[in-house]
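Asks: In case you want the letters, here they are:
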Amino acid sequence: MATPLSVLEEKRKQAKSMLEKKGYFSDIRVYVGMATCEIAAGSVPVMEVFKNELKNEKNVYISQKGCAGRCNLEPTVEIYQKDKKPVKYIQVTPEKAKEIIKKHIKNGEIITEWVGK
Amino acid sequence: MGKQKFTDNFSAVFGDQNFFKKQKRIALKNCGLIDPENIDDYIYANGYTALATVLTEMTPDDVIKTVKDSGLRGRGGAGFPTGIKWEAAAKQENDEKFVVCNADEGDPGAFMDRSIIEGDPHAIVEGMAIGAYAVGASKGVVYLRAEYPLAIKRLQKAIEDARKENFLGNNILSSNFSFDMEIRLGAGAFVCGEETALMNSIEGKRGMPRTRPPFPAVSGLFGKPTLLNNVETWANISSIIVNGADWFSSIGVNKSKGTKVFALAGKITNTGLAEIPMGMTLREIIYDVGGGIPNGKKFKAVQTGGPSGGCLTESMLETTIDYESLTKAGSIMGSGGMIIIDETSCMVNIAKFFLEFTQSESCGKCVPCREGIKRMLEILTRITDGEGQTGDIEKLEDLGNMIKKASLCGLGQSAPNPVLSTIKNFREEYEEHVEKKMCRSLVCEKLLTYTINDKCIGCSACRRSCPVGAIVGLPKEPHIIHQELCIKCGKCYRSCKFHAIDKTSIAKEQK
Chain L
15 MATPLSVLEE KRKQAKSMLE KKGYFSDIRV YVGMATCEIA AGSVPVMEVF KNELKNEKNV
75 YISQKGCAGR CNLEPTVEIY QKDKKPVKYI QVTPEKAKEI IKKHIKNGEI ITEWVGK
Chain A
174 MGKQKFTDNF SAVFGDQNFF KKQKRIALKN CGLIDPENID DYIYANGYTA LATVLTEMTP
234 DDVIKTVKDS GLRGRGGAGF PTGIKWEAAA KQENDEKFVV CNADEGDPGA FMDRSIIEGD
294 PHAIVEGMAI GAYAVGASKG VVYLRAEYPL AIKRLQKAIE DARKENFLGN NILSSNFSFD
354 MEIRLGAGAF VCGEETALMN SIEGKRGMPR TRPPFPAVSG LFGKPTLLNN VETWANISSI
414 IVNGADWFSS IGVNKSKGTK VFALAGKITN TGLAEIPMGM TLREIIYDVG GGIPNGKKFK
474 AVQTGGPSGG CLTESMLETT IDYESLTKAG SIMGSGGMII IDETSCMVNI AKFFLEFTQS
534 ESCGKCVPCR EGIKRMLEIL TRITDGEGQT GDIEKLEDLG NMIKKASLCG LGQSAPNPVL
594 STIKNFREEY EEHVEKKMCR SLVCEKLLTY TINDKCIGCS ACRRSCPVGA IVGLPKEPHI
654 IHQELCIKCG KCYRSCKFHA IDKTSIAKEQ K
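Each protein sequence line maps, in turn, to chains L and A.
Take the first sequence: its letters are residues 15 to 131, numbered as in this note's numbering.
Take the second sequence: its letters are residues 174 to 684, numbered as in this note's numbering.
What the hints contain is simulated information worked out from the structure, not anything from laboratory work.
Being a predicted model, the structure only gives us computed values, none of them experimental.
A portion of the hints provided could be inaccurate.
Some chain A residues near chain L, calculated using beta-carbon distances under 7 Å [stated by the list, open to error]: (1) 208; (2) 217; (3) 221; (4) 225; (5) 291; (6) 292; (7) 320; (8) 323; (9) 349; (10) 445; (11) 446; (12) 449; (13) 532; (14) 655.
Beta carbons are placed, not taken as given, at the ideal position from N, Cα and C, and that holds for glycine.
Please model the complete structure; the sequences and the hints are all you need to start from.
Replies: Structure, rendered in structure tokens:
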């Protein structure tokens, strides 16, 4: 008989395949902070830049995220790369976002001066 | 699970060593790591494991015992042991019970609950479903303030998604347990964060507190037994179930277990949300996590607990963060607001600010709060206006203690705290205001004096800016301010580019 745990196990497999379809397991995952505080700091135009400029990139997954609690450094953007330490960019503007795409995402070159310490 | 390991050590993910290293994330475990609007993200990050575990392996009594053994206490401020509350609600025999989430976050400068709901809404859904199972409730209500539109949207989506996936609804995950929940919006009254006023508001009545007992666990929402917890309390539940009561109670000190989220605000370098283990000292949270005071200013006080809390001084920075120690020091844990005050702030003015807030939020039902706070505010206003009278400080203390004892609900019982604690810790500032009519922090406008010094080149910028014509002087010659005309608006001070205007507050002994 199906127990709630076994039902959940099924659901988790489904969730994983749904995420897979959406490209979650791409080489690069980009998270843009989209809580009220981040939006107030200006994350919506940043998100638009990532979405527009990367819409044809197959290997990049873009997602929103909640607030990690770093109010004075917002908007924040995190970039997770397979087998690498995640990088957190702080106080990202649309212009910085374009640079991040050009250098970091397309060329693998981290822009250290914009990274949170 | 891929992501779960990050939650053990936020600093490994974010770098940001100073800020994250001393934190321990339980209530905020997913905030900033998952997409809050995608249920798949939450499920993949081990979400709903606690609910499924409870429904598969645990009886309601097991759940209550786990919560009790964990030592979790209410995170809304009062710190009542959560397990005992659950037990009391479970004991009631009634065909209908409710679980309620208090998300009416009203403290100025506090935003813990908003961040949790916006960053990890499913944690609330899961926590409440577990609570409902434990006490035998079938209906849940989240009382969320209308000022949080994004939180409302995300929680609404979470509830709908959870329904689709059968984490809510009938026979949840093919068990015998059925539960559903909805959001009710509050219109932003501070008093509706008080549990009985909150329930009145949900019922469509005026948001006024009821007398207790009966407690909500006996007769709560619509007269039914009701289990009511704060957002942060609910957000802790799933981790306690998954990791066990022993794990949770191993974090923290004495009677305060687990972690507490604080909203760091005011004069501090790292403003933001920090979840720290109980037992950390105030000094650690302010100087290590918070990064200290910016601009080379000196620390003066830390205010915890919002309008219900108190101000603690530098000598109290070794106080550990737990319910008992903070109360003993003269403040409270509160819901998590932490405002850092530096030397540029006047303590009398800060006390006045908080009292203005509680006075305008008083519901008016009981006399001590309605009338008493108003009188206290009048006295404080008089003091900051330079019209304080000998005996005013004692009068404030008398009134404050009376209001604390006689008020009906938590709002009135705690409203005098900011005044009483600042009198206790900064009495000399009050005395200066009353006796010498001076404000050492140069904040209280009516106690200031503006004068022009010898750096004046006679540019006339101040003269033109003065709205009452109190400044005279010929071009290219030093100007003077006629003190009897000056209304102390400070416009000349801001208009001068040559630092030629001094802002001082001089002791007036003779009065």
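Asks: A separate judgement is required for each hint: does it hold in the structure or not?
Replies: Verification of the supplied hints:
1. 208: Since the shortest Cβ distance to chain L is 5 Å, the answer is holds.
2. 217: 5 Å, holds
3. 221: 6 Å, holds
4. 225: 4 Å, holds
5. 291: Check passed: Cβ of residue 291 (chain A) comes within 4 Å of chain L, closer than 7 Å.
6. 292: Nearest chain L Cβ about 2 Å off; hint holds.
7. 320: 10 Å, violated
8. 323: Holds, because the Cβ-Cβ distance from residue 323 (chain A) to chain L comes to roughly 5 Å (cut-off 7 Å).
9. 349: Given a least distance of 10 Å, the restraint on residue 349 (chain A) is violated.
10. 445: Hint holds; residue 445 (chain A) Cβ to chain L Cβ min 4 Å, cut 7 Å.
11. 446: This interface hint holds because 3 Å falls under the 7 Å limit.
12. 449: This interface hint is violated because 11 Å lies over the 7 Å limit.
13. 532: 28 Å, violated
14. 655: 43 Å, violated
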